[in-house]
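S.K.: Starting from the structure of chain A, add chains B, C, D, E and F where the hints point.
Protein chains: 6
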Amino acid sequence: MRRGFYIGRFQPYHMGHHLVLEQISREVDEIIVGIGTAQISHTVTDPFTAGERIAMIYGALRELGRWFYIIPLPDINRNAVWVSHVKSMTPPFEVVYSNNPLVVELFMEAGMEVRRPPMYRREVYSGTVIRRLMIEGGDWRQLVPDAVAKVIDEIKGVERLRNISKKDFA
Amino acid sequence: MRRGFYIGRFQPYHMGHHLVLEQISREVDEIIVGIGTAQISHTVTDPFTAGERIAMIYGALRELGRWFYIIPLPDINRNAVWVSHVKSMTPPFEVVYSNNPLVVELFMEAGMEVRRPPMYRREVYSGTVIRRLMIEGGDWRQLVPDAVAKVIDEIKGVERLRNISKKDFA
Amino acid sequence: MRRGFYIGRFQPYHMGHHLVLEQISREVDEIIVGIGTAQISHTVTDPFTAGERIAMIYGALRELGRWFYIIPLPDINRNAVWVSHVKSMTPPFEVVYSNNPLVVELFMEAGMEVRRPPMYRREVYSGTVIRRLMIEGGDWRQLVPDAVAKVIDEIKGVERLRNISKKDFA
Amino acid sequence: MRRGFYIGRFQPYHMGHHLVLEQISREVDEIIVGIGTAQISHTVTDPFTAGERIAMIYGALRELGRWFYIIPLPDINRNAVWVSHVKSMTPPFEVVYSNNPLVVELFMEAGMEVRRPPMYRREVYSGTVIRRLMIEGGDWRQLVPDAVAKVIDEIKGVERLRNISKKDFA
Amino acid sequence: MRRGFYIGRFQPYHMGHHLVLEQISREVDEIIVGIGTAQISHTVTDPFTAGERIAMIYGALRELGRWFYIIPLPDINRNAVWVSHVKSMTPPFEVVYSNNPLVVELFMEAGMEVRRPPMYRREVYSGTVIRRLMIEGGDWRQLVPDAVAKVIDEIKGVERLRNISKKDFA
Amino acid sequence: MRRGFYIGRFQPYHMGHHLVLEQISREVDEIIVGIGTAQISHTVTDPFTAGERIAMIYGALRELGRWFYIIPLPDINRNAVWVSHVKSMTPPFEVVYSNNPLVVELFMEAGMEVRRPPMYRREVYSGTVIRRLMIEGGDWRQLVPDAVAKVIDEIKGVERLRNISKKDFA
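Protein chains in written order, with the numbering used here: chain A, -13 to 156; chain B, -13 to 156; chain C, -13 to 156; chain D, -13 to 156; chain E, -13 to 156; chain F, -13 to 156.
The shape of chain A in the complex, shown without the other chains (with noise of 0.2 Å):
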C-alpha cells in the first residue's frame, strides 16, 4: 500500500488541483490531501475557512468515487519542524507531490521522496485568476468542478471575497 501527500492552500479548490489529483490517483492507492494555512480565512488571498475548504474538495473528490484523506494543517512557523507536524497530522505516506519550492526543499532534508506534478493552465488555473475573477464579476465558475461552485453559493463566497476586499477608510 502506498500513499501520497498534496498540499495546497485551496482558496479555492479548482480544476487545476482537480487535474493534479486525478493524475497522482494513478500513481498510489491513498491521497492524503493536506490543507495548508487552514487556521486563516476571510482575507483576500484567503477568504474560506478550513471547513469551507473541506467541503469544497469532499464534494469534488467524492464524485470521482474514491476515498481520500482531507486534512486541515494550521500554520506551525517554524520551517524546521514544519515536517514533523505534517507527519504528526496525518497517516505515514511515502511520496509527496508538490512544485512548491519550500515544501520540496523542506521534505528533501527530512528524506522524502518528492515528485513534480505536472502544471495545467497554469494561467488561469489559478486562485489569484479566480479570485479576481469572482471580485470583478468575471466568469469564474468554468474553473472549479462544479461541486466547488455549489459550496461556494451556498456560504455566499463571492459576496464575503468582495465585501473583505473593499478599501478601508478608517
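Just so you know, these hints were derived from the structure itself, not from any lab. Model, not experiment: these values are computed from the prediction. One or more hints might be untrue.
Given that identical chains are not distinguished, each listed pair holds provided it fits within a single copy or across any two copies.
[Claimed, not checked] With a straight-line cut-off of 16 Å between C-alpha atoms, the simulated EDC-like cross-links for lysine to aspartate or glutamate are: (1) 152 / 125; (2) 73 / 95; (3) 142 / 95; (4) 153 / 61; (5) 73 / 132; (6) 153 / 95; (7) 152 / 32; (8) 73 / 61; (9) 152 / 16.
M.R.: Frame of chain A, contents of chains B, C, D, E and F only:
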C-alpha cells in the same frame, strides 16, 4: 441534507465510539468526526498522534462503506471561542452528539441542537480501560475494531505506551 | 496623581474584593483593576468570561460613583515577563496591592512598591466558597454586591456552572 | 438598556474618533470602546502600548462625564473566531459601529446589527497623518483631544516614534 | 567529531548533573547541554530563569576548562515535533544521553542513538530534594558545584523560592 | 565583572559581526551573543536554523580563544515585553551594543546603557549582500570567518538558499 458532529479524543477509537457512530449514522445524512486534543501525543493519556487516530478511524469507518469527514481539532484553550473554532474547521452541521458536559454546555450556549448518544458497556468500552490493558498486557484487542488494532500494531503503539508510562527517575 | 493596581481573577467579584477596593480608594487617586486569567471561562474554577467579569465589577464600582480602570489581563505563562506584560496593558501606576505571593515577588523583584491589603471574612468572602454555594444551591447572593448578582442572573451563570461541573462519563 | 461597540487601533486616539463617539453616545446607553491590536507597540504604525492608549481615551472621555468601557483586544489572528473573541472580552452589546470592511463582514456573518458611523475630516483626522506630523515636527496637537496630547507628552511618545522610525543600518 | 546531547531542567544544576557530564565528556568530543522548560521560572518546581540556569552551568563547566554548548529550549507542548524542535536549536549531534522515558522514546522513534547515563546518589542529587532544603533552611550547598551556589546567592534565589512557596490566601 | 550584550540575526555570521565582537571584547569581561529571530529558518532572508547559527558563531569565536555565551532568542512579537524576555534568557549584563533603532529604544526605555558599535565595510559585510552572492554564485567566502564557511558547506547551506529562493509557480 443533515449533518451531525461527533467529537472525541479517540485514544484509541474503540467499539463504544463505533456503536455510537453506527447509531448516529441512522439519524443524519453525513457525520463529521472531530478528533479533539489533536496536537497532543506520546503521553500516558494521549499516546497517539492525530494522524494515527485518523488512520484508525478511517479504517474502521471504511469497512462500513459510508462517507465520513474525519477532522483533527487542536485545542484552542479558550472555551469562549471553541465553538467558533470547531465551526471554522468543519463543513456546516445541524446537530451535535456528545455526553461531555462542557461540549454540551458550549454548543447549547451557541444555540445548537445537542443530543446525548447512548453509551455502550461503559465499563470496558473506555479509553482509560483500554490503555491500562495495553500497559499491563491485557486483552485490549477485543475492545476495538480490527482495523484499529491493525494500525496500533503497525505503529508499535503498545510498545510506545509502555515506554512512556515508565517511572522517570531523572 | 497616584494610581494603585489591584489584581484578581474575580470568579466572581465578591464583597471581599469590594471592601478591599473601598479601602484602597482612600489611599490612591485612581485604581486600576486587573482581571487575571482573562482568557479562561466555562471551567469549574473559572466559570465567567472576562467580559462578564467586567460587567460585574463595573456595575459594583459605578454604584460607588468613582472612576476605575478595569482591564482584562490574559495569562502570558512566563512569570519572568509578566510584570512587563501588565505594565504594557495598563496606565502607569505607583503601588501594587496584593496578597498573592507570586504577584508580590514579581513586583518586588521589579522594584515596585507592594502593599498587602487587609482580608475580610476570608472564610466566606472567597471565590471557592461562592462557587460551591452556587453548585449546591446555597445562598451566595449575600456574599456579592447586588450588581454582581444581577449580572450572574442575566447570563444564567449558576446554570452554566452547574452544567459544567457535572461528571464526564465519556 | 442598549450598548454599542466601537473598535479602533487608536494610534493615537484623535478628534475623528472623538466626534464619532460623541455621535454614538446619542444613539446608545453605554459604549464599549475596543482597542484593537492591543499587544503591539513600539512600531512605526503602532507606537503606543495598550495601556498608553487606555490612558489617552480615558482622559478624553472622562472630560465628557460619561461612562465608557475601554477594553484592550489582542489580535487572535484567526478571523473565523474573532467575533467570539471580542464577545468573550466585552459586556453584551447590541450594535456595532465600524467602517472597516473586515469588521463589518465578520459581525454581519455573525448576525449582528452593524452601523457605519460618519467620518469626519478624514484627510487630517487620521492616525497615519498624525504619526507623520509627529515624525516630521508638524502640528499634530490640534488633531487630538487635549487629554491625549498630555498623555503623549508624559510618555515622551513623539521621541519614541522618531527613534523607532530611524533607518536600520544593521 | 562526535557530539552528545544532554537535557535537563536544572532547577538547579547539581552534582548529579555534573558527574554525568564529566562521564559523558569522556565519550564524546563536544557536549550540548539543553536547558528544558526554558520559558518557566518563579514557580516552586522551576524557580530559576533560563538565563540564571545558563549562568550556573556555565560557571560550573568553565571550571572544567572544556567547551560546551548551553542552549535554552522552551517547551513546544507537542511531543510529535519536539525532536525537530531540539535539532533546529542545536548543532548536529550523534548521541543522546537521557534517563527520561519520554525523551528516550521520542529520540528512539526518530532513529537516534540513546544512552542511559549512570545516576549518582539519586536520593540527594535531586532538584526536588535541593529545592526542599532551600525552603526549609537545610544544607543544599554541598549538593551543587560552588559556582552554582555563587549564582544562586547573587540572584537571591533562596529568598525567591521561599517567597513564592508561601501559601496563597487570596 | 562586566558583561556586554550583542544581538543579531546572523544570517549568516560575517566579518562585520566578527570585527564588532573583537572590539566589544576589549571593553567588557564577558560577551553574550543573542541570536535573534531564532525560531525562523528556511526563508530567503533567514535561511539558517538557530542551531546552525550557533555552530557558525561558536566556531568563529572559539578560534579567538575566548568565552562567550551564545543564546538563541525566539521572537516574542510584543515589543513591550521584549527586554524582559531577553533578560530572562541571559545572564545579567550591564551594557548593550546595538545599532538597531528598535533595540536601542527598547533598552533605553528600560534604563539600560546602550552603545553604538562601529560598523565595518557595511556595503559588503552585510547579510543581504552575502545571501545574494550565495544565490548568484558570487564569492561570499571572503566575507565570513573560515569556521562559518565550513559550517555552511557542511549543511549545504548555499544549495538550500538557492532552492528556496526559486519562484513558486503553484
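S.K.: Would you mind marking each hint as holding or not holding in the structure?
M.R.: Here's how the hints hold up against the structure:
no. : hint      : result
1   : 152 / 125 : neither (20 Å within a copy, 31 Å between copies)
2   : 73 / 95   : both (14 Å within a copy, 13 Å between copies)
3   : 142 / 95  : between (41 Å within a copy, 10 Å between copies)
4   : 153 / 61  : neither (27 Å within a copy, 21 Å between copies)
5   : 73 / 132  : neither (31 Å within a copy, 23 Å between copies)
6   : 153 / 95  : neither (42 Å within a copy, 19 Å between copies)
7   : 152 / 32  : within (15 Å within a copy, 23 Å between copies)
8   : 73 / 61   : within (13 Å within a copy, 18 Å between copies)
9   : 152 / 16  : neither (41 Å within a copy, 30 Å between copies)
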